[in-house]
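Visitor: Each chain is listed here by its residues.
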Amino acid sequence: MHLWLRAAISSDLLLLVTEMVIIGVSLIVFLVLLCFFLGWMERKVAAFMEIRLGPNRVGPMGSMQIVADTVKLLFKEGLTPNASDKFLFNLAPGIMVVTSMLAVAPIAFAKNFQIWDVNIGVLYVSSISSMAVIGILMAGWSSSNKYSLIGAMRSGAQIVSYELSIGLSLISIVILSGSLQLSEIVESQANGWWLFKGHIPVIISFVIFVIASTAEINRAPFDLTEAEQELTGGFHTEYSGMKFAMFLLSEYINLFIVSAIAATIFLGGWMPLHIGTWASFNHIMDFIPSSIWFLGKTFFIIFIIMQFRWTFPRLRIDQLLNLEWKYLLPISMVNIIIVTAMAIFGWHF
Amino acid sequence: MTLLGENHITEEGQFVINMGPQHPATHGVLHLKIWLDGETIKKIEPHLGYIHRSIEKMCESLTYRQYIYTTSRMDYLSAHMNNQACALAVEKGLQIEASPRAQAIRVILAELTRLASHQLWWAATGLDLGGVTPFFYAFREREAINNILEETCGTRLTQNFVVPGGIMYDIHPNFQNHVKQVIKQIKDNFHEYDEILTGNVIFQNRLQGVGYISKEDAISYGCTGPTARASGVSCDIRKQFPYDGYDKIQFDEIIATGGDCWARYEVRMAEMLQSVHIIEQLIDNIPEGDFQTKTKAVLKLPKGEFYQRVETARGELGVYLVSDGAATPYRCKFRSPGFSNLSAIPHMAKEAKIGDLMAIMATVDLVIPDIDR
Amino acid sequence: MFLKDYFGTIFKSVKSLLTGMKLTGYYFTHLKEIVTEEYPDNRATLKMADRFRGEVIMPHNDNNEHRCTGCQACELACPNGTIKIITKQETLPDGKKKKRIDTFVYRLDMCTFCNLCIVACPSDAIVMGHKFEHSVYDKKQLKKILNNPDSKLMEGVEE
Chain A
10 MHLWLRAAIS SDLLLLVTEM VIIGVSLIVF LVLLCFFLGW MERKVAAFME IRLGPNRVGP
70 MGSMQIVADT VKLLFKEGLT PNASDKFLFN LAPGIMVVTS MLAVAPIAFA KNFQIWDVNI
130 GVLYVSSISS MAVIGILMAG WSSSNKYSLI GAMRSGAQIV SYELSIGLSL ISIVILSGSL
190 QLSEIVESQA NGWWLFKGHI PVIISFVIFV IASTAEINRA PFDLTEAEQE LTGGFHTEYS
250 GMKFAMFLLS EYINLFIVSA IAATIFLGGW MPLHIGTWAS FNHIMDFIPS SIWFLGKTFF
310 IIFIIMQFRW TFPRLRIDQL LNLEWKYLLP ISMVNIIIVT AMAIFGWHF
Chain B
8 MTLLGENHIT EEGQFVINMG PQHPATHGVL HLKIWLDGET IKKIEPHLGY IHRSIEKMCE
68 SLTYRQYIYT TSRMDYLSAH MNNQACALAV EKGLQIEASP RAQAIRVILA ELTRLASHQL
128 WWAATGLDLG GVTPFFYAFR EREAINNILE ETCGTRLTQN FVVPGGIMYD IHPNFQNHVK
188 QVIKQIKDNF HEYDEILTGN VIFQNRLQGV GYISKEDAIS YGCTGPTARA SGVSCDIRKQ
248 FPYDGYDKIQ FDEIIATGGD CWARYEVRMA EMLQSVHIIE QLIDNIPEGD FQTKTKAVLK
308 LPKGEFYQRV ETARGELGVY LVSDGAATPY RCKFRSPGFS NLSAIPHMAK EAKIGDLMAI
368 MATVDLVIPD IDR
Chain C
179 MFLKDYFGTI FKSVKSLLTG MKLTGYYFTH LKEIVTEEYP DNRATLKMAD RFRGEVIMPH
239 NDNNEHRCTG CQACELACPN GTIKIITKQE TLPDGKKKKR IDTFVYRLDM CTFCNLCIVA
299 CPSDAIVMGH KFEHSVYDKK QLKKILNNPD SKLMEGVEE
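Protein chains in written order, with my numbering: chain A, 10 to 358; chain B, 8 to 380; chain C, 179 to 337.
Hints listed in this document are in silico derivations from the structure and should not be mistaken for laboratory results.
Treat each hint with caution, since some may be false.
Below, computed lysine to any residue pairings styled on SDA-like, alpha-carbon distance capped at 25 Å [as the list claims (entries may be wrong)]: (1) B:Lys360 x A:Tyr336; (2) C:Lys190 x B:Arg163; (3) A:Lys155 x B:Arg163; (4) C:Lys193 x A:Met342; (5) C:Lys200 x A:Gln328; (6) C:Lys190 x A:Ser170; (7) C:Lys190 x A:Gln316; (8) B:Lys194 x C:Glu215; (9) C:Lys225 x B:Gly206; (10) C:Lys193 x A:Val54; (11) B:Lys310 x C:Thr187; (12) C:Lys225 x B:His34; (13) C:Lys309 x B:Arg163; (14) B:Lys49 x A:Gly165.
To spell it out: a stretch of chain C is covered by chain B in this simulated footprint if at least three of its residues, at any positions, have a beta carbon under 8 Å from a beta carbon of chain B; those stretches are [said to hold, decoys possible]: (15) 191 to 200; (16) 227 to 240; (17) 291 to 298.
In this text, all values refer to a predicted model and were calculated from it rather than measured experimentally.
Ideal Cβ positions, reconstructed from N, Cα and C, are used throughout, including at glycine.
Construct the complete structure from the given sequences, taking the supplied hints into account.
Guide: Below you can see the structure in the form of structure tokens.
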């Protein structure tokens, strides 16, 4: 595409801008469509686990229900409470969506298909995802609602703590693969995914990553910031209409991102499943397109996180922090030492 | 907007929030004013009156046959037991007793209602603590019970199937078969309840050691039902003041000593199995005979006071009738279990977290129309 | 000892969580367990229970005759004033004057379906119907007249 555009546009600056616009628009369209799909998927998964049918009226299998909901949210009046800090109140949903969309940049969707192959990809993703807390705090504070404020304060404590575990579990793979660049991490798994190559320590860091990222994106059982039964909606209590839909959008984008990161780091990204010396098996696996591999792995993790939500009750705030500081963090610290030893002595496959 | 002031932040720096009357966890229009220090609850003040329908006053203008139906609207989850209490109070005044057949059917229906009520409670407890899925598993069984009630009584929730002197109609021909099916279904599916909630470590941690109330406090607050029995108070009306032939039935009074939310949870779970046990004893042994004792067309109670208590799914329901000899009660007063149990909540929730308050309200099993009447 | 407790707790917790996930996973993969009734679609097969209390109706036979004598027992039994019976004097063929119902007014909007009127009726003139889809746009339509126009009392009910 670059070459094709090069032929059409002569100016370097104009070329860069055109490329950026094309990529940006296609990314937004992709993410919105993805959120439609995730919304539908979540409803169906929840319904089947709860022995219900789920949406089944609008469109085939209820797939257009989410579109109808979006249209409804679009037409709804976006209320801004009188007592709120109006600038921050209106800014918060935008920040939430932008921060979650930024984190999509370094993800490799397929072989040689990556928006921005930055050489510090892992660091970039973990730093961007920690900015989501600003949006939540902003929304909670500016709403001038006591429930929102409590929800926002909870999320501050929660996201800051769980970032540590996420970082540490990502670092274990960085140590093993020796790179922060996502494309190189994927390449390092050509002969086997880290989940299989890295023995038990990597499995432990995978589990910790999934748990901690569920907490990081505020999904049940860690949805204390929303906590419908306690805080009636937490930080987005006062939001309605499209502003509310933005929070929903960012929640699903976040869900996709953490699953995509987990798939990339632990499950080999777009790398097909290869088993040691089974040449013919490996060959057949290579025929499946790399994007299918990537999306398949991502949706597998999304499904697991959804199953968490529809199985477990919510934790209490002190239990949430106990889980992080007394269990996840010490375990991942010990785990890192073991992984480092593995990397130094070459114990992994 | 300034947040300082009586209703926002007190001088001690406590944060005041109004939980309800519109709140997802209060299961109705209960209004709790809560003083918070961070996440810790310092003080709770329940405010009532949002669903007051003056049922007691209404009963004064209704005859002894008519006033029974209004009580279905108090504790709508144990509607049958409420009706039973009212009918028993009238029977006490008339000095008649329902036939053995009517008594047995009343007991079966009461235990079915108790099962349905406890299942809704279980479902709502899961929901209040953030787990949505258990709700649907419990409702599957509850629907089956409601279908039986619909078949025999004609309605699913507000039955009004009890009349002074017996029951309105004889049981439906399919009643026994369907009850047996439901009992089997509940027994088969009970392990799922354990798998998804009881055994879950998150759920256990949310309930254990939360909302403690001692035996003495439970008595002094007037708690009854599973709430008091979880603190070790023996207060099952079915055992202590048997009515409708409960004295001839084998069953255990479930008493736990923990006094916390977990004890209340376990008491109710065990009570479900006891209800199943009671129904199993009776379902094949419903005595033959009339389902209704003959009464006069217009019931008139002799001058005097009559009190009848009944164990509903939430605790002791008392019906107090004052008669001046007319066809309508001179005064009618209901002692509802929910009101006394609610009064203990500020005590239980002291120094608890906001999340704990949900667990406490869920395990005390509040039904707001029962509190307000 | 501490480590044993620590890892024991973790092991037990993970096991309990996996038990729950196994159950939800079971239902996710066994779609035949779904209990949802697709209500408006199953109207044709939907059968209400025999004693279902949908509304009070007054059955008429083929000759447009009902069984209501106008004794007003139901009106007295009703706790809400749902039923109002308007009677008229009618001259029978043999010259005797008799009380007959003119209109049997039933207000569905005030009815609580307590069944007391049905129990009170000495001649089984009214029963509970099975219709339950009562929603209308105008609440005036909820005030119903149960006896058909020009209907008569069935022979032999009054004895």
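Visitor: Mind listing which of the numbered hints don't hold for this structure, in increasing order?
Guide: 2, 3, 9, 11, 12
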